[in-house]
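Engineer: My request is simple: use the sequences and hints to build the entire structure.
Residue numbers (UniProt numbering): 1 to 286.
A few of these clues could be false.
Stated by the list, open to error - In the BS3-like style, the derived pairs of lysine-lysine whose C-alpha atoms are separated by at most 27 Å in a straight line are:
id, residue 1, residue 2
1, 51, 2
2, 282, 10
3, 273, 227
4, 243, 227
5, 27, 282
6, 10, 255
7, 10, 225
8, 282, 158
9, 273, 211
10, 2, 27
11, 51, 65
12, 252, 273
13, 235, 211
14, 270, 2
15, 110, 158
16, 284, 243
17, 273, 284
18, 227, 255
19, 243, 27
20, 93, 147
21, 270, 27
22, 243, 258
23, 252, 270
24, 235, 10
25, 284, 211
26, 84, 59
27, 59, 73
28, 51, 158
29, 273, 10
30, 10, 158
31, 235, 282
32, 235, 225
33, 227, 211
34, 59, 93
35, 27, 258
36, 270, 255
37, 243, 10
As the list claims (entries may be wrong) - The calculated label-pair distances, taken between Cβ atoms and stated as ranges, are:
id, residue 1, residue 2, range
38, 53, 11, 25 to 31 Å
39, 231, 154, 43 to 49 Å
40, 220, 252, 15 to 21 Å
Think of the hints as simulated: they come from the structure by calculation, not from any bench. Even for Gly, the Cβ is constructed at its ideal location relative to N, Cα and C.
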Amino acid sequence: MKQIVVISGKGGTGKTTLTSSFAYLAKNRDIADCDVEAPNLNLILDNTPMKRELYIGGKIAYIDKEKCIECGKCKSVCRFDAVKDNFQINDIKCEGCGACVEVCPNEAIKLIDDETGDVITSSIEGGKFSYAQLRIGADGAGKVVTKVRQSLMEDENKPELIIIDGSPGIGCVVISSLTGCNMAVVVTEPTQSGLEDLMRVLNLVDYFRMKAYVVVNKFDINLEKTKEIEDFCSKNNFEVVGKIPFDPYVNKAIKESKPVVQFDESIAGKEIKRIWDIINEKIKEV
Numbered sequence: 001m002k003q004i005v006v007i008s009g010k011g012g013t014g015k016t017t018l019t020s021s022f023a024y025l026a027k028n029r030d031i032a033d034c035d036v037e038a039p040n041l042n043l044i045l046d047n048t049p050m051k052r053e054l055y056i057g058g059k060i061a062y063i064d065k066e067k068c069i070e071c072g073k074c075k076s077v078c079r080f081d082a083v084k085d086n087f088q089i090n091d092i093k094c095e096g097c098g099a100c101v102e103v104c105p106n107e108a109i110k111l112i113d114d115e116t117g118d119v120i121t122s123s124i125e126g127g128k129f130s131y132a133q134l135r136i137g138a139d140g141a142g143k144v145v146t147k148v149r150q151s152l153m154e155d156e157n158k159p160e161l162i163i164i165d166g167s168p169g170i171g172c173v174v175i176s177s178l179t180g181c182n183m184a185v186v187v188t189e190p191t192q193s194g195l196e197d198l199m200r201v202l203n204l205v206d207y208f209r210m211k212a213y214v215v216v217n218k219f220d221i222n223l224e225k226t227k228e229i230e231d232f233c234s235k236n237n238f239e240v241v242g243k244i245p246f247d248p249y250v251n252k253a254i255k256e257s258k259p260v261v262q263f264d265e266s267i268a269g270k271e272i273k274r275i276w277d278i279i280n281e282k283i284k285e286v
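Structural biologist: What follows is the structure, encoded as structure tokens:
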């Protein structure tokens, strides 16, 4: 079983547009949306939820009001300012460190499970799709990403390929998305911030000794910057496998919740199909 992750150095580069199209074009594959803090692939892929599993992200403090004598020791020791004036816990601020539990003279405080969100496994045409829905204010973490990916491994009938929509940036959730993958497809845009963030994420991929291929989205809005990106990639032995033109059909596809490759008139869709043919061949080599 091979695994491809689609990532970007910054948000808004078109990563999910590319991933949804790959999901549509690929055969015998499962899909994971590991952009756990802002999942949106479920809005594009036609999916039917099969399983919803509660995700426990850690522990948070709970104060038993019947036992609490309001001595204030918990409030004074909490460096996260999670204890309110009425001696209730602010769930968003609490880090579950347990300092308040240790100082409470009346054993009125305990740590309970922090119900961070849900991991959802859905059926899609030709396979399965997994993603997470976190509670408001909950932080995404590598453990959530791992759980999303593991949910696709539970059945005996595993696919030939898993396509992962990763998070933007180079943080914990991105590292967890990269772990164990055979290849990374890195999407960028022809802007200065796009180039700078591309450099950072390629450095991260290189650290994991993973093969990376670059796609420049909306390349024709700044040909000079696109050339600069190509020169950087060439100098550092990263292959640019495609340049997607600006195309109003992409916006139309988003509005209609469809992969852009479903629109025969789309010039972006034609280029993405060509890119997928290249990636599909390269994944066979790793």
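Engineer: A separate judgement is required for each hint: does it hold in the structure or not?
Structural biologist: Structure-based check of all given hints:
1. 51 to 2: Satisfied, since the Cα-Cα distance of roughly 24 Å is no more than 27 Å.
2. 282 to 10: holds, 25 Å
3. 273 to 227: holds, 22 Å
4. 243 to 227: holds, 11 Å
5. 27 to 282: Roughly 15 Å separates the two Cα atoms, so the pair holds.
6. 10 to 255: holds, 22 Å
7. 10 to 225: Holds - the C-alpha atoms of residue 225 and residue 10 are around 16 Å apart, at most 27 Å.
8. 282 to 158: holds, 21 Å
9. 273 to 211: holds, 20 Å
10. 2 to 27: Holds, at about 13 Å.
11. 51 to 65: violated, 36 Å
12. 252 to 273: holds, 18 Å
13. 235 to 211: holds, 16 Å
14. 270 to 2: Holds: residue 270 and residue 2 sit about 25 Å apart, inside 27 Å.
15. 110 to 158: The hint is violated at about 41 Å.
16. 284 to 243: holds, 22 Å
17. 273 to 284: holds, 17 Å
18. 227 to 255: violated, 31 Å
19. 243 to 27: Holds. Residue 243 to residue 27 sits at ~23 Å (cutoff 27 Å).
20. 93 to 147: holds, 24 Å
21. 270 to 27: Roughly 18 Å between the alpha carbons, so the hint for residue 270 and residue 27 holds.
22. 243 to 258: holds, 21 Å
23. 252 to 270: holds, 15 Å
24. 235 to 10: At roughly 22 Å apart (the allowed maximum being 27 Å), residue 10 and residue 235 satisfy the hint.
25. 284 to 211: With a Cα-Cα distance of about 13 Å, the restraint between residue 284 and residue 211 holds, given a limit of 27 Å.
26. 84 to 59: OK: residue 84 and residue 59 at ~18 Å, within 27 Å.
27. 59 to 73: holds, 20 Å
28. 51 to 158: holds, 17 Å
29. 273 to 10: holds, 23 Å
30. 10 to 158: violated, 31 Å
31. 235 to 282: holds, 21 Å
32. 235 to 225: holds, 15 Å
33. 227 to 211: Roughly 22 Å between the alpha carbons, so the hint for residue 227 and residue 211 holds.
34. 59 to 93: It holds: about 12 Å lies between the C-alpha atoms, which stays within 27 Å.
35. 27 to 258: The hint holds at about 18 Å.
36. 270 to 255: holds, 19 Å
37. 243 to 10: Measuring from Cα to Cα gives roughly 17 Å; hence the hint holds.
38. 53 to 11: 25 to 31 Å: Hint holds: Cβ distance 27 Å, inside 25 to 31 Å.
39. 231 to 154: 43 to 49 Å: holds, 45 Å
40. 220 to 252: 15 to 21 Å: Check passed, 18 Å falls within 15 to 21 Å.
Checked against the numbered hints given earlier, this structure breaks hints 11, 15, 18, 30; the rest are met.
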